[in-house]
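Make a model of the complete structure from these sequences and hints.
There are 2 protein chains.
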Amino acid sequence: MTAITDRPTTLEAPVDDARDVRIDVAALADQLLGPYADLRRQAREVAGRPEFQKIEGQPVPEHRERVLHQLRELAAHHDVLRAFPSRLGGADDHGGSLSRFEELVVADPSLQIKAGVQWGLFASAILHLGTADHHDRFLPAAMSVDVPGAFAMTETGHGSDVASIGTTATYDPATQEFVIHTPFRAAWKDYLGNAAQHATAAVVFAQLVTAGPEEPAVNHGVHAFYVPVRDASGAWMPGVGGEDDGLKGGLNGVDNGRLHFDQVRVPRSSLLNRYGDVAEDGTYSSPIASPGRRFFTMLGTLVQGRVSLDGAAANASKLALSIAVTYANQRRQFAGAGSDEVVLMDYGQHQRRLLPLIAETYASTFAHEELLAAFDAVFSGRGDTPEGREDLETLAATLKPTSTWHAMNTIQAAREACGGAGYLAENRLVGLHQDMDVYVTFEGDNTVLYQLVAKRLLTEYARSLKGAGAGDVARLVAGRAAGAALHRTPLIRAVQTLSDAGDARRSVGQLRDEAAQRELLTDRVESMVADLANSLRPAQKMAPAEAAALFNAHQHELIEAARAHAERVQWEAFTRGLAQVSDPATKQVLTWVRDLFGLQLIERHLAWYLINGRLSAGRARTVTSYIDRLLARLRPHAQDLVDAFGYGPEHLRAPIASGAEQERQDEARAHYRAQRASGQAPLPEKHIR
Amino acid sequence: MTAITDRPTTLEAPVDDARDVRIDVAALADQLLGPYADLRRQAREVAGRPEFQKIEGQPVPEHRERVLHQLRELAAHHDVLRAFPSRLGGADDHGGSLSRFEELVVADPSLQIKAGVQWGLFASAILHLGTADHHDRFLPAAMSVDVPGAFAMTETGHGSDVASIGTTATYDPATQEFVIHTPFRAAWKDYLGNAAQHATAAVVFAQLVTAGPEEPAVNHGVHAFYVPVRDASGAWMPGVGGEDDGLKGGLNGVDNGRLHFDQVRVPRSSLLNRYGDVAEDGTYSSPIASPGRRFFTMLGTLVQGRVSLDGAAANASKLALSIAVTYANQRRQFAGAGSDEVVLMDYGQHQRRLLPLIAETYASTFAHEELLAAFDAVFSGRGDTPEGREDLETLAATLKPTSTWHAMNTIQAAREACGGAGYLAENRLVGLHQDMDVYVTFEGDNTVLYQLVAKRLLTEYARSLKGAGAGDVARLVAGRAAGAALHRTPLIRAVQTLSDAGDARRSVGQLRDEAAQRELLTDRVESMVADLANSLRPAQKMAPAEAAALFNAHQHELIEAARAHAERVQWEAFTRGLAQVSDPATKQVLTWVRDLFGLQLIERHLAWYLINGRLSAGRARTVTSYIDRLLARLRPHAQDLVDAFGYGPEHLRAPIASGAEQERQDEARAHYRAQRASGQAPLPEKHIR
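As they're listed, the protein sequences go chains F and S.
Residue numbers for the first sequence follow UniProt numbering, beginning at 1 and rising by one.
Residue numbers for the second sequence follow UniProt numbering, beginning at 1 and rising by one.
Worth flagging that the hints you see were computed from the coordinates, not collected in a lab.
There's no promise every hint is true.
[What the hints assert, rightly or not] Distance condition first, Cα-Cα at most 35 Å in a straight line; then the derived DSBU-like pairs of lysine-lysine: (1) Lys-686/S / Lys-466/F; (2) Lys-686/F / Lys-686/S; (3) Lys-541/F / Lys-686/S; (4) Lys-541/S / Lys-466/S; (5) Lys-686/F / Lys-587/S; (6) Lys-466/F / Lys-587/F; (7) Lys-455/F / Lys-686/S; (8) Lys-466/F / Lys-455/F; (9) Lys-541/F / Lys-466/F; (10) Lys-466/S / Lys-455/S; (11) Lys-587/S / Lys-686/S; (12) Lys-686/F / Lys-455/S.
[Stated by the list, open to error] Using C-beta positions, here's what the derived DEER-type ranges look like: (13) Gly-381/S / Asp-244/F: 54 to 60 Å; (14) Asp-244/F / Ser-144/S: 19 to 25 Å; (15) Asn-534/F / Phe-334/S: 20 to 26 Å; (16) Asp-38/S / Ala-553/F: 55 to 61 Å; (17) Arg-293/S / Ala-553/F: 43 to 49 Å; (18) Leu-550/S / Arg-604/F: 34 to 40 Å; (19) Ile-688/S / Asn-534/F: 35 to 41 Å.
Remember, predicted model here, so these are calculated numbers, not experimental data.
We put the beta carbon where it would ideally sit given N, CA and C, even for glycine.
So this is what it looks like as structure tokens:
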């Protein structure tokens, strides 16, 4: 409830000589590469090789074959199996494996996703949902891509709601087999990478139905089964069928398709039985008693998909910004005050467009590093507690939507900033947008993930209320009531307005203050969650339909609360990353970048801060003016900031970012200079009147 | 300066029985088709034929040939030449021609753009920049597409800044020829439709250089020349060369390419000489003395490109929303309170995502109709005054960016709302996004156009100050000073806050009030322009470099002012369209749609209204709550609202909007119903514990 008015004032002299400081690009690049720097550098070296790169416009059949071949090459020679057990040739290195995997997006997002399907989903399901016997029997061929596999979870009728899939696996004790069956068209497996052409096996998710001796049939919920789908010649196995999903908006190097099963029988041992097993007589058993918790535990083992998409999205943003900023520092358009034309990056609007995206990409990168560390802690076993898993899943659900939507915005802004040249496939931006598009709806639709996050925030809030003593709750409630009352009166704002009027610089100083930014961002999430909890409280005493309607009426607010949380998480990660910078000049510039990130968040939600009495109108005005000052300060560092992303020409591969534009500009300027010098330049008509 | 507090209160009873009213879909569809309804219906009939439709994923060479063939078919049989002179087989019907042309986007945006290149640019340049002799010699073959033509204006080095192109046309009195020449690589013509393959001629824009007898060479600025570029066999004419632009982000049915000229000679009569001519002896003459005004007059004749993109963008938005809403009304995901799953369109977030886009599409449609009327008035000669032309150009520059960016947002939101199915090419949304992408940067980059609009707004503001008497100015200034003072004090807000607290419904009633919305939207533009004028005033006394820097520092605000203006223009057009509705139920629903449009604009800029004292915090809160109420009211009408766009299955052509999803849902529900009825349904595990 603290209004920013109460904070002590920081009176720093403004640093306006932004050109006097200079980023240590190499050191910053190292920091951004993080603890897996060496692995990432190796992965980038591979991603920069022509044989792994996307050929824009390659026909779909050739693209699919190319990517399959690339996958096998990676398996054979390029250290992509680190996540698998040492005894099978892996390195039990989960974080390191993902750090490399995320770089594949730079070569070709199709390669990243096909690798993700093969190793991150298909083989990982065998690893995490299966047991030693499955590892021995199925992992080696899945790792080497001798068996390309599909991850058959999603159905045409059910995307994000996996619990409701229609495919069944009914145990037949007479033959000790499971019968995999598709009961209707909506239960066809759909959108599965590898399914259209290459998969010879699939991990199939189905409702496990079994009856113990003398008992009725029970549905034990979704379980995974290893099912061969094609023979070596590529023909369907008996009872299995499917379709090609055909052309997609992008990622056409991945052969997405559909699968359906007509009473397909697989042995009892094909059940990946780590979290649930069926005995010969049909008796079901599980180490996790609650079917709900069991389901989420099984799905939770596959969180690495979301983790890696978060990292890949940040990398795609880096690529797009590197291309657009490099071009904007060479391209000139419209005459300036002198005889020369103005470089695009010098335009105020161009800075407004691109620099905040750079700031957000830094935030995304620092936040991803923390997600990767959390992932490695859990999957290495070092931090594998129920709380650790829960936190990891929440963090992945927080960051994956944020960074994938950011990548879409960034790539589109970059493409528009490059004008017609940005629309040519050779300059990469349109292809990158097309490929990244589906990242926002697969591996958990972003909207659905944000809802999960919001529910977790509400749970935590309820816990904090329960954990608090009676006195704390009273204070909390009183605090909120007082806050609500304050919203009604212009008291706080009145005081701020009057005090701000006196000294504009002082209020800017406060917003630049790290603690002030934190307070504003944190307060907003906490208030939104508390308000939501309050609004949803009546649901506890309502009939289900009424409660659902109440919840639905607040769905938009839930999603906005999750977004606010994500922004705070990214800001905190950025601030922690900033604390690690040792070079003073780099630290200075990066502090501006962090401030730009923080202030753009506050500007984005300025109406909320005003309505809720957290900022006065006078203070709110300074948000935008301080952003303007930051943009002017950061402009000279734009190239350094994207260069620190560490991608070379072999990664950018965009002619407009190759220096060709600079050459053309130089040639044109030399032509006019020579013409003027020769005295042969025709006079402009207006000069002769 | 009027704060909304001062308005009289409207106390209408809230209409909550939104299902009791029902849109007259057929009548609304007729209204949306506008005065050119019959022509549009015919054009939609053609656009719905398979032979004119895009084949998603067709290889580029085949796609290019297909579109060229379609173009010739259109010319021969489908009344696409209405804009041309009657004496040459046209109908001198400029508005009617565009209304048909805009529907081509529904068949294939490549067809729309190739048609735009051929008739809207190449042939139109001959028509509007040439004289009778050119019409007779060049128009028939351009109209019939016997001569496919390029519109060679843009250069690699200069996009929106046409005045700075490098290509020269130097008059040689000895041979009475112009020598067309490309002096350096950046002056290659680029991104030209038809240039890569099909064009046999081009209208080439070049700096006209000529010397009268005994006079020095003078550059008379950009003029247009008719230049043959390929012979009948497709080989380059002597001195002409070029390149294929290759694969693009979309629109790959158009063969964009580059052209360059090495001292290419064309006869003197190839100058399209309506606005500037060169006599045999090299003497230049023009009916327009000012080179600047001449340049803008010549470019102004080509405004129809922007007009038609505005209409096509609105149509693309309609298509995307028709697909997404139809699917969202059939698709179910996640269990609701009953046994059934919830239809997507019933989710609060889905309504928040799609319904405001429907409202904006209606606004865009009504505004486009007014633009088309203005265009027809000027080009028919009925309203062809300098002011009429200036207003038309400003309106086109206002609406084209607004509707093309809106189309991009809408198509992307529609694609995400359809999840994985939205990513399949067969469902049209990804292809539509890819094709429409370049609309935001071609025919005048959106950012550049908004700047033109802002400059016009500033000019009008300066005029209004000059036109006002001394007393008026004093009042104006005093009014602004008083306004500025009010911003500083919480007085207005304090009053509002206290009065609002008493009766929330009353304040909602005020925002629903048409006059209140108009006041808020209008006041914002006017204040932004006045503030800008004030900020930029010192530039008049500055050195050019300093003035340019000042202007640049306010570039973002200029663009935001233009955006605010565009929003107001759309809102006014919507409101005028609403006044034409006679059916009471339709009028009621459409009023909610207009209110949703108005309030979403106010919500988007809520911080501005709060900072500038136009809305109190209490009033601002009601904006969002009233939007929520409108969304709930409009939800039952979502399908009617998109059905009124009037596109049939032959236009949508998306399997997910074909009813197939409904069939799948019905089949699945029948399966479970039968299973439950038979008593064979396995028990859920949680039910047996």
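- Enumerate the violated hints, using their earlier numbering and listing them in ascending order. Structure breaks hints 2, 5, 6, 11, 14, 16, 17, 18.
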